[in-house]
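Colleague: Let's have the full structure, built from the sequences with the hints guiding it.
Here is how the chains run, residue by residue.
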Amino acid sequence: VATDVVAERGLKPAGKVRQRIIDTDMHPHCPEYGLASVVEYMTEDWREHFNAKPNAPTDVRSLRLVHPAGVGIRTDPISPKGGRPSSDPEFVAEDLLDGWGVDIALMNMIDAGYLAAAVAQPGESVAICEAFNRYFIERWVETDSRYRYIFCVTPQDIEAAVEEVKRIGKHPGVAGILVPPTDMALGRRWFWPLLRIAEEYDLPIYSHFSGVEMVYQGGAVGVVGTPESYLEKRAMLPGIAQGNIASLLFSGAMTKFPGLKVCFAEYGWAWLGPFLSLMDDHWRSARIETPWLKTPPSEVVRARMRFSTQPMPGGSKEQLKQMLDLVGTDLLMFATDYPHFDNDPPVLHFSEFEESKRDDVFFHNAERFFTRLI
Amino acid sequence: LEARVANSEEIPENRFAIFKVDGVEIGIMRSEGELFAVRNICPHALAPICRGRVRGTMLPTDTVEYHFVMRNRVLVCPWHGYEYSLESGHCLFTDVKGRLRMYPATERDGGVYVDLAVRV
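As given, the protein sequences belong to chains A and B, one line each in that order. Per this note's numbering, the very first residue in the first sequence carries number 748; after that it's consecutive. Per this note's numbering, the very first residue in the second sequence carries number 11; after that it's consecutive.
The set of hints was computed from the structure by calculation and includes no laboratory data. Take the hints with a grain of salt, since some may be wrong.
One-sided excerpt, in silico: chain A residues whose CB lies under 10 Å from chain B [as the list claims (entries may be wrong)]:
(1) THR1002
(2) TRP1030
(3) SER1032
(4) ARG1034
(5) ILE1035
(6) LEU1040
Simulated pairs of lysine to any residue, SDA-like, Cα-Cα distance not exceeding 20 Å [said to hold, decoys possible]:
(7) A:LYS1003 <-> B:PRO70
(8) A:LYS1104 <-> A:GLN1069
(9) B:LYS107 <-> A:THR1042
Every residue, glycine too, gets a C-beta built ideally from N, C-alpha and C.
Modeller: Here's what the structure looks like:
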């Protein structure tokens, strides 16, 4: 049924040569909220620990910052088997992979992210990440090779995060390491053991907000304090990426780990032009503070950081062209953000990129960055 | 075309004193027995660069460490902090184009002479 609907709406790419697509940011869910679906992937000790908590987390979105129309996650991609949207790998294969012509989908499973970032205790966050990772590798990655997994590690216990990379980092279905943003930037020395092993395993670090930013202490903070509304928070999210980029560059992390690569997903990208220019200008002036940054910061970003396209900015074609000219398509990797309300069906965006760049944005930039995909 | 610009005792150590020669401001400094004469204009944004500090700088490194070099051979623009080598005139360790205008300076008979027709 879903395929028919998609065909009827003309959402499947068509043409003599089909556009190959790597979706660098889609979200699978467990059928149930919270930990209910993954407790069976925990040790008995941890199961009992969570069972003993009468108010185990189900949904941590705050009333203050929830999407006002209640459509943060699309309500239509629900499997006939039931469960939350985007929780049935077979249904999603039909709806997203076949329906929208996606060849490889990078699964960014942020349910563990919000728990690991701030909602759970450090020990709990370790058990939670491992359980979710076991669940999605077994239930999704190992059932359809088009799914690749951005596995989540806890930012609260860096030794445990390293151990999780050692446990599953060589699995052929994993593509990167999701580190949910916290109140400590990614370049801080606390993270260096994780950055070191990410480099060693050739796994990009993947940053994507989890939902607890600016809500819970421990999550990433807003630059002007707590936002009052969903829209205010949404407008502040690029600042989290900007802060982490600056931290990774100026702390010396990108120098210390010359093979380290970092992906920023869903933070937007049109702001990159002025942001990179700002950093370069100030670096020329204050270089002696960070002499380990030997080139303008933008050069490091262009070599080793990438940004997902979704949400593609609105505006006229001319405005979009100006934004793309300023940023450069080399930095961009296509993403749908399925099944979120603002997801970008690929067919709606092909024409926004020059034909000579389209293959890069929709496929090759990701293929080159996540080196294990092909 | 060499002109006597200052008396020897007017030239300080490791900082520039500024003199006007044919309407052109020239900074002159001595350091470890060497004389430096620099036009008082930053090639970047035309700041009076000779009013900036003279110091060394940090060498670019592959390690996240400081390595101080070029003591008293770096002139720092008082506006943007751009660092220029007093040896080459070039901006140090960035992609900034432009070069200090430097002149030969000599000392004799208790005076300092600068030749504005020659660029070092």
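Colleague: Just to be careful: measuring from the Cβ of SER1032 (chain A) to every Cβ in chain B, is the smallest value less than 10 Å?
Modeller: 4 Å, holds
Colleague: Regarding the hint that LEU1040 (chain A) lies at the interface with chain B, is the smallest CB-CB distance below 10 Å?
Modeller: 8 Å, holds
Colleague: Are TRP1030 (chain A) and chain B close enough, Cβ to Cβ, to be under 10 Å, as the hint says?
Modeller: This interface hint holds because 7 Å falls under the 10 Å limit.
Colleague: Return the status of the interface hint for ILE1035 (chain A): holds when the least beta-carbon distance to chain B is below 10 Å, violated otherwise.
Modeller: 4 Å, holds
Colleague: With a cut-off of 10 Å, does the beta carbon of THR1002 (chain A) approach a beta carbon of chain B closely enough for the hint to hold?
Modeller: Check passed: Cβ of THR1002 (chain A) comes within 6 Å of chain B, closer than 10 Å.
Colleague: Given the proposed pairing of LYS1104 (chain A) with GLN1069 (chain A), does the C-alpha separation stay at or below 20 Å?
Modeller: 15 Å, holds
Colleague: Can the hint on ARG1034 (chain A) be confirmed by a CB-to-CB distance to chain B that is less than 10 Å?
Modeller: At 6 Å from the nearest chain B Cβ, ARG1034 (chain A) passes the 10 Å test, so the hint holds.
Colleague: Does THR1042 (chain A) lie within 20 Å of LYS107 (chain B) when you go C-alpha to C-alpha?
Modeller: Measuring from Cα to Cα gives roughly 14 Å; hence the hint holds.
Colleague: Is LYS1003 (chain A) within 20 Å of PRO70 (chain B), Cα to Cα?
Modeller: The given pair, whose Cα atoms are some 13 Å apart, holds under the 20 Å limit.
Figure legend: structure checked against the earlier numbered hints; every hint is met.
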